[in-house]
Amino acid sequence: TEVKVDVDIKDYRGVWVFIEQRDKHIAGVALELVSEGRKLADELGVELAGVVLGEDVEDLAKDVFAYGADKVYLVDGPVFKDYRTDPYTDVIVDMINEYKPEIVLFGATNNGRDFAARIAVRVHAGLTADCTELSIDPETRELWQTRPAFGGNIMATIICPQHRPQMATVRPKVMKKAEPDYNKTGEIVRVQSDVKEEDISTKIQEIVEHAVKTLNLAEADIIVSGGRGIGGPENYHLIEELANALNGAAGASRAAVDAGWVPHYRQVGQTGKTVAPKIYVACGISGAIQHLAGMQTSDVIIAINKDPEAPIFKVATYGIVGDLHKVVPILTKKFQELKEAN
Amino acid sequence: MEIIVCIKQVPDTTEVKIDPEKGTLMREGVPSIVNPFDKNAVEAALQLRDEKGGKVTVITMGPPQAVDALRECLAMGADEAVLLSDRAFASSDTWATSYTLAMAIEKIGNYDLILCGKQAIDGDTAQVGPGIAEHIGLPQVTYVQKIRETNDDGLVVERAIEGGYEVLTVGLPAMIAVEKSINEPRFPTMMGTMKAHKKEVPTWGAAEIEADEDKLGMNGSPTRVKRIFAPERKSQGEMIEGDDENQVCTLLVEKLLDKKVI
Ligand SMILES: Cc1cc2nc3c(=O)[nH]c(=O)nc-3n(C[C@H](O)[C@H](O)[C@H](O)COP(=O)(O)OP(=O)(O)OC[C@H]3O[C@@H](n4cnc5c(N)ncnc54)[C@H](O)[C@@H]3O)c2cc1C
Ligand SMILES: Cc1cc2nc3c(=O)[nH]c(=O)nc-3n(C[C@H](O)[C@H](O)[C@H](O)COP(=O)(O)OP(=O)(O)OC[C@H]3O[C@@H](n4cnc5c(N)ncnc54)[C@H](O)[C@@H]3O)c2cc1C
Chain F
1 TEVKVDVDIK DYRGVWVFIE QRDKHIAGVA LELVSEGRKL ADELGVELAG
51 VVLGEDVEDL AKDVFAYGAD KVYLVDGPVF KDYRTDPYTD VIVDMINEYK
101 PEIVLFGATN NGRDFAARIA VRVHAGLTAD CTELSIDPET RELWQTRPAF
151 GGNIMATIIC PQHRPQMATV RPKVMKKAEP DYNKTGEIVR VQSDVKEEDI
201 STKIQEIVEH AVKTLNLAEA DIIVSGGRGI GGPENYHLIE ELANALNGAA
251 GASRAAVDAG WVPHYRQVGQ TGKTVAPKIY VACGISGAIQ HLAGMQTSDV
301 IIAINKDPEA PIFKVATYGI VGDLHKVVPI LTKKFQELKE AN
Chain D
1 MEIIVCIKQV PDTTEVKIDP EKGTLMREGV PSIVNPFDKN AVEAALQLRD
51 EKGGKVTVIT MGPPQAVDAL RECLAMGADE AVLLSDRAFA SSDTWATSYT
101 LAMAIEKIGN YDLILCGKQA IDGDTAQVGP GIAEHIGLPQ VTYVQKIRET
151 NDDGLVVERA IEGGYEVLTV GLPAMIAVEK SINEPRFPTM MGTMKAHKKE
201 VPTWGAAEIE ADEDKLGMNG SPTRVKRIFA PERKSQGEMI EGDDENQVCT
251 LLVEKLLDKK VI
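Read top to bottom, the protein sequences are chains F and D.
Residues in the first sequence are numbered from 1 upward in steps of one, following my numbering.
Residues in the second sequence are numbered from 1 upward in steps of one, following my numbering.
Just chain D, same shape as in the assembly (with noise of 0.2 angstroms):
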């Protein structure tokens, strides 16, 4: 089975901060690593190469210092991987985004399953995935939580929804998205990791992926992000004390009661 899987390099958002002045993110000396659901993404594509046969590329688009998550999913046992990098891709929105990954998976050709993460961590939409669906005009699966066999069909998935989850057959070549739970990413190993540094990596442009100049960066990007700014924090709580457990659930109690809460 020949896969592709679409990886982006994210900061870790635990420390990226608003300049309270400015208004803009600072993301300076934030360490960067792999969006952790892009990790379950590849796991699941190496476990259906090393059933199935086949080959894992890995593509992501960025600046060029994103080909170390590339290599870290060489490292983890991908055969091959791209890196989309211009200056025309920047500032892209999400319908940019995927009209870029589209055009480079096209340029690869030749594939069954592109797999991606349920969401990028830092941007949060969850649109990447359905868009390069729509780009290309596959199948979509999002939300998927266990692949459960692969047959002549295609793929019997579960996709989680609300309360529940769905199983569902989908026809190859198709998108899916993967959750948190679907596995657990292994580790690179020692060879790997020497492997991946060793390996070529190629960077394209928009040149390379013949991507009409319109549809990238800015000029393709519908959406405008107009302001950003810290969220509200909740002024400071109040600690509810008393004598022991049984006084202090009864003031908060009459406090939920007072205020209508309950």
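Bound-form chain F, shown alone (with noise of 0.2 angstroms):
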């Protein structure tokens, strides 16, 4: 059976990027997606554009062409200050109708892949979630969007042949940065939106940050983690150690945090956060699936465990086989001197 068409594809051109925000930081993810978005609109040979909502935000258009976008749509004013779902995607619907791209990428955050789905099903485009590769076909012009499923198990590459423009999540860290060029400029597009505070049923009362001051999961290049192995909550302090010496971020296995040593939002796997920092180092983890889908696409992985038939020596890259007791405090100490050394 054919599916009814929608739209003419052909009047669909351009490749968008959502630049995601917060207290005017662009998310590292979106500038991810510029230099990935840049290489797509390169092989079609069609503009790229940065989508910036917010409040004040016309300064971070510099950075969006420093990494490569043409064109930047800005959508400045109170009602856009911190996300919500109802007037972000008022707004991205209206611009979608008005300029149709053909391709629109969203970081696949929590407000990412709450957007996306929302915006999917209202311009009737299908979207690809959580994409960890994203290429063109030559001959149909269509994006061929590759993603893990079944908790990592399999890969799927999905495409859209009949609707446009084709909406895509994609995981941070997977697509790498390019070098940022600041002499590049770009055209500025302001586009005016009547959305009212009045109509908007949900409200923001606060955004609170957690306490522990470390980086958040998502954005750190280096993660280290620890699971049942480390013994107890008294231990946890070793793996954030490491981490500091690392300028990295404090991780966790779902034993871990089911047994209360360490909170929910550190836990990385299938029901956790899904990691791809350069370096993953687990630290008395057995490497079970769960576990493993949420890290295995990290560039180097270190496994330290004192059973050497554990699971995630399979999976590692440089397995130590002892106890994380003595041997974290070791590297720490390394690392931390070496950091010193710099």
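What the hints contain is simulated information worked out from the structure, not anything from laboratory work.
Among the clues, some could well be false.
Under the rule of at most 27 angstroms between Cα atoms (straight-line distance), these lysine-lysine pairs were calculated in the DSSO-like manner [to be verified]:
#  : chain 1 : residue 1 : chain 2 : residue 2
1  : D       : Lys226    : F       : Lys100
2  : F       : Lys177    : D       : Lys259
3  : F       : Lys176    : F       : Lys196
4  : D       : Lys146    : D       : Lys55
5  : D       : Lys52     : F       : Lys176
6  : F       : Lys203    : D       : Lys226
7  : D       : Lys255    : F       : Lys176
8  : D       : Lys255    : F       : Lys278
9  : D       : Lys52     : F       : Lys177
10 : D       : Lys255    : F       : Lys10
11 : F       : Lys176    : F       : Lys62
Simulated coverage check for chain F against chain D, where a stretch passes if three residues somewhere in it have a Cβ under 8 angstroms from a Cβ of chain D [as the list claims (entries may be wrong)]:
#  : stretch
12 : 150-160
13 : 200-208
These numbers were taken from a predicted model, which means no experiment stands behind them.
Every residue gets a Cβ at the ideal spot worked out from N, C-alpha and C, and that includes glycine.
Please dock the two separately framed chains into a single complex, following the hints provided.
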């Protein structure tokens, strides 16, 4: 059965990236996507635009240009200060209908996934979740979107042949950031919006940052995680200290979270966060498939476990068989010394 | 409070493999479970009902055997269940799935709150909850880690974001998708299980929910799965050995410096 075509797909041109920001700070994944979007736009021979929403955020355009965009669509106003589903969706849908981009990319963050799913339904577009690879089929100009599913046990390549735009959320840290060039500039298109505060039923009362001031997992280049092998909450500081010595973030397995040793927001894995840092250090973690689902695409995996048969060693780049209570403090000291020497 | 919870029956993903020759999923013999996040959604609904009164209805779209997942939720204490099952629903992506669920919710009518899990552990998209909200035109809050209170304005909830959380108020009716950390789902009681098995669970198809055929199943799905393949496994790594912990750590640091990883 052929699908009824909603739109004339030839009318749609150009690649867009949603520039997620909080407190005027651009999420790392947005710049990764501008870098990736540049490649896709070049292959298609079209323009690359960043879409910036917020209050008083015009300044962010220079970063978006530096990473490769030709154009920035700017929606500026108090209603857009912090991300909220309704006002953000209303404006972006109007813009998509007016300017007709063929591809729209979002970071697979909590806000990106919340937002993209809503837009896709309203504009009747396909949305591929949590992609780890994007490419263009030169013959059809289709976007091939590859993503893990079933907790990382399988990969699927997804296309949207008859609907536009082709929409995807992309995992943080998977695409590489280009070298920024701050000599580059581009066109800023100011988009007016008549969204009114009175019409929005969700209100933000406050935004609370986690008390422990370490990096958040999605943004970290280096993550050190502790599992049941740490033995108790009193030992988690070993993990945090190693993370600090590496300027990274501290994570955990579900066993450590379920035991109440570590807060849930630090959990890595299928029912926690999916991460892909440059270095992932697993300490006292056995390597259950649900844990691997959240970290196995990391560039370098270091595993420390006293059991030489632990499955974590099957995915590890470097493995150390030993007692983490001895190994981790020594590593911390060595990295600390390196840091101070530099 | 009248609450509808969307639950999905999923394969226990630890055991799903790819047929290396055909490149298809091998689901045979893989046990089915209620999506773990959806149990948190049911638990959240039961707590609200026990506090405020009202009714909890669980719905699922799936093959006939998905009724088992509904019965498990009835055994936990849900009041009603509806199975959405029809050949026309097959091969739905998240657009068509959320449309089908939205039409069923509209048919049930009279609800204050729709609850979903954060995501299903097979499809892993987290798109169906927002999709339902959009099809119906409801406000949504995803990644909810706590329901602080219900009041005349609606709900006050905590929504997880990277590096922290937001406190939001949302008017009802609304769609809320919940995190694992929101609660600890209760186990079904013996009594509950017995009652659940006697309960009538109606099955609705495309006709019952008055759906537009063009928006169902494959027809209603903009995405196409082009191919499925097994992920590349990392090549066998290197074990670092030495006389003592200190030497092992020195070797590791040297390797990382050598390879310019740090
Ligand atoms: C639906 C579902 C979803 C799940 N989601 C997740 C998820 O998101 N994230 C997740 O992590 N898990 C998840 N799990 C749980 C997962 O199956 C495992 O139970 C969990 O990952 C185990 O955590 P662990 O490796 O810390 O503990 P264990 O498996 O108990 O392993 C502890 C390890 O520490 C080692 N060890 C002990 N003492 C020392 C020492 N002194 N020095 C060095 N090593 C030591 C042991 O040899 C062992 O390998 C999920 C499970 C299910 C069913
Ligand atoms: C390998 C593979 C990859 C896929 N990738 C995509 C993709 O990128 N984009 C896309 O649009 N579709 C995709 N699909 C299709 C998608 O899995 C189905 O549409 C599925 O029905 C719903 O998506 P989900 O499992 O991701 O659910 P999620 O959106 O993750 O589920 C969120 C919540 O919605 C509710 N819910 C979800 N499904 C049901 C249901 N059937 N009945 C009741 N409640 C439900 C539950 O409360 C659940 O916790 C893919 C399918 C496969 C096999």
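Going down the list of hints, with the structure as the test:
Pair hint lysine 226/D plus lysine 100/F holds up; C-alpha atoms about 25 angstroms apart against a cutoff of 27 angstroms. The suggested pairing of lysine 177/F with lysine 259/D holds, with an alpha-carbon distance near 20 angstroms, which does not exceed 27 angstroms. Among the hinted pairs, lysine 176/F with lysine 196/F is inconsistent with the structure: their alpha-carbon atoms are about 38 angstroms apart, more than 27 angstroms. Distance hint between lysine 146/D and lysine 55/D is fulfilled; the C-alpha atoms sit about 21 angstroms from each other, no more than 27 angstroms.
For the hint linking lysine 52/D to lysine 176/F, the alpha-carbon distance of about 50 angstroms lies beyond 27 angstroms, and the restraint is violated. For the hint linking lysine 203/F to lysine 226/D, the alpha-carbon distance of about 41 angstroms lies beyond 27 angstroms, and the restraint is violated. A distance of roughly 23 angstroms separates the Cα atoms of lysine 255/D and lysine 176/F; the hinted pair therefore holds under the 27 angstroms criterion. For the hint pairing lysine 255/D with lysine 278/F, the CA-to-CA distance comes to about 15 angstroms; that is within 27 angstroms, so the pair holds.
Taking the CA atoms of lysine 52/D and lysine 177/F, the gap is near 50 angstroms; set against the 27 angstroms cutoff, the hint is violated. Proposed proximity of lysine 255/D and lysine 10/F is contradicted: the alpha carbons are some 52 angstroms apart, above 27 angstroms. In summary, the hint linking lysine 176/F to lysine 62/F is supported, as the alpha carbons are separated by about 19 angstroms, within the 27 angstroms threshold. Beta-carbon proximity to chain D at under 8 angstroms applies to 11 residues in the stretch 150-160 of chain F; the threshold of 3 is reached and the given coverage holds.
Closer than 8 angstroms: that is the beta-carbon criterion, and the stretch 200-208 of chain F has 8 residues meeting it against chain D, so the requirement of 3 holds.
In summary, the structure is inconsistent with hints 3, 5, 6, 9, 10 from the numbered list given earlier, while agreeing with the others.
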